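Chain by chain, the residues run as shown.
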Amino acid sequence: MTTAHDLAYVRKEEEPILAPPRHEVGAIKWMRTNLFSSATNTALTIFGILFLLWTVPPLINWAFISAVWTGDSREDCIVPGAGACWAFVKAKFGQFMYGRYTLSERWRVDLTGILLIAGLIPMAIPRVPWKRQNALYLLVVFPILAVILLLGGYFGLPYVETALWGGLLVTLVVAITGMVISMPLGILLALGRRSNLPVIRFLSVVFIEFWRGVPLITVLFMASVMLPIFLPPGVNFDKLLRALIGVALFSSAYMAEVVRGGLQAIARGQYEAAQALGLSYWRMMRLIILPQALKVVIPGIVNSFISLFKDTSLVLIVGLFDLLGIIQLNFSDTTWTSPNTPATGYAFAAFVFWLFCFLMSRYSIYTERRLNTGYRR
Amino acid sequence: MAGVAGAATLDDVKAKGFLQCGVHTGLAGFSQPDNAGEWSGMDVDYCRAVATAIFNDPKAVKFTPLSPAERFEALKNGEVDMLSRTTTWTMDRDTTYGLVFAGVNYYDGQGFLVRKSLGVTSALELTGASVCTQTGTTTELNLADYFKANNMTYNPVVFEKQAEVTAAYDSGRCDAYTTDASGLYSTRLSLTNPDDHVVLPEIISKEPLGPLVRQGDFQWFGLVKWVHYALLNAEELGVTQANVDQMKTSENPDIRRLLGAEGEFGSGIGLSNDWAANIVKSVGNYGEIFDRNVGAGSPLQIARGLNALWTKGGIQYAPPIR
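Chains as they are written, first to last, in the numbering used here: chain E, 76 to 452; chain P, -19 to 302.
FYI, nobody ran anything at the bench for these hints, they're computed from the structure.
Each hint should be verified, as a subset may be incorrect.
Computed cross-link-like contacts, DMTMM-like style, restricted to lysine to aspartate or glutamate with a CA-CA straight-line distance of at most 25 Å [said to hold, decoys possible]:
1. Lys165(E) x Glu105(P)
2. Lys42(P) x Asp313(E)
3. Lys(-4)(P) x Glu180(E)
4. Lys(-6)(P) x Asp313(E)
5. Lys141(P) x Glu180(E)
6. Lys39(P) x Glu88(E)
These figures come from a predicted structure and were not determined experimentally.
Working from the sequences, and respecting the hints, build out all of it.
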């Protein structure tokens, strides 16, 4: 029998903590707050699920389950109910990557790629030292090596004319050249546009407004069709080079405006403080203004890079076959014509483009976070 | 590099060591890449034939794929030595462009593609049919003219883009699909069941396709023209890739002249006398080129039709080598 004596006012031991109600934890809670929090959201969720059920299974079926993975010709891909014709991509893979680059010389393209990656990876990882030397390698040594390797004609390497280049090789050559040239040129143009010297300001404005005012396709077309008319007969310079120059100038103008946006975001006090320290114009820009300005416009810069990467497809207009161009070209191969060939080719192109653009955007987000010291939301 | 109009293209080509040939940027059967990326096709073989006539090497040719807008300019400014790019021979192009057509290597023209299940064997039976075509093309006008001229009614189903037309036809929205015949055959290959469709025999427009050169260089013009004629003569005389060596000892004077066993016909166009023998040996005669790329030996399965020799009911006809 319990006596009053035994009764305590205060618990001697804590009651065990009860688990929260089931509808307030885990998946159910998450779904309640994120998917079914209101009538509208519930409707949207149901609609979304139905939409996915409607689109995803047929897509998976087309791309994987009923896809044709191996084969030598269209015969294998026109079987009833066949999905994607991956055998086509497999047979043409070499062309998609290198274009019509001489078969026995393709190792040179691979080596160039390895050299580029070998320079990019240590550059992209902040902890790795020797950034200055690394940048020197990427911006000076590597381009020279790349030209020698890809073009040949030196050190016993057979010459491979650029008319034979194609596929991802051309896409990357055009995109990377455009990016590497447009960045410094864009910064100079942006500084020029904000300069106090009237001639420089005027020239920068004219350059930027001209190149921003004409469509890239027109630039390429002019370079390809009009340029030979102005040049003396017999002077015939490389189509790829023409396209590279066009793309580089074009993207510089866009880059200049992106950088100018960054420059405008820097408070006047920063300039004045730098000047008060006695820094010269270039040191002020290099040490104080640009590091802040460029950091602000990282999303804009990457945006320009991504759109430049995708714009490379336009070089088809001058008879150069980039990745998309060479895939489309191969649709004409009667050995592989089938109802699914074009869709398969486009799916492959989309995947490769997406992969590159996604990597670029991920790296930019990472860089933004790393540099985001003062403006964190 | 090659010079402007009037310069001796043949000398330039010989000095370069290869022929620079303008081709299509991807057209089934005419200029298409194989798995290794090598060009093949009817137009490509014409380039190879010209290269073989000059160098006795079908590989002595570099191809420049040209878009429709670029093609004439590229030939005019000497970027290419000849254009072999399914270009329709019209008076305007032949006279005012500073260019000249060297022959017709493919007589194309607008035709009709129908389902076999329709049971139609002639375009004249298409009364009341719905016909798929592209908007704003001469194809649409030709179609209207043809049905009007034959007192037939039809129901046009027009689309903006080529791919839409093909998809609409494939899904059964129209009974017939009309465009140039060579295009009909390649479209047929991309349909769900190619064998269920047939191209009707009627051709309702004239689209003669052939190689072009610059005006003002008669030697070069003559060379390209006679390469075409040599291919036709070889087929007519039964000279094929397989038998060309035996044929050199033939008694037939026509064959002996074609293959250079008799006469000095090659030197007349600045070539060796066995020029035609070399061509047939490396690329075959006209019939072989046709069959391999677009005809019975290819997936396209295009019937010879107008492109048969004049002796076999077509209109391909070459002047004799004499």
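Checked hints:
1. Lys165(E) x Glu105(P): violated (44 Å)
2. Lys42(P) x Asp313(E): holds (14 Å)
3. Lys(-4)(P) x Glu180(E): Satisfied, since the Cα-Cα distance of roughly 23 Å is no more than 25 Å.
4. Lys(-6)(P) x Asp313(E): At roughly 22 Å apart (the allowed maximum being 25 Å), aspartate 313(E) and lysine -6(P) satisfy the hint.
5. Lys141(P) x Glu180(E): Distance of about 40 Å is beyond 25 Å: violated.
6. Lys39(P) x Glu88(E): violated (95 Å)
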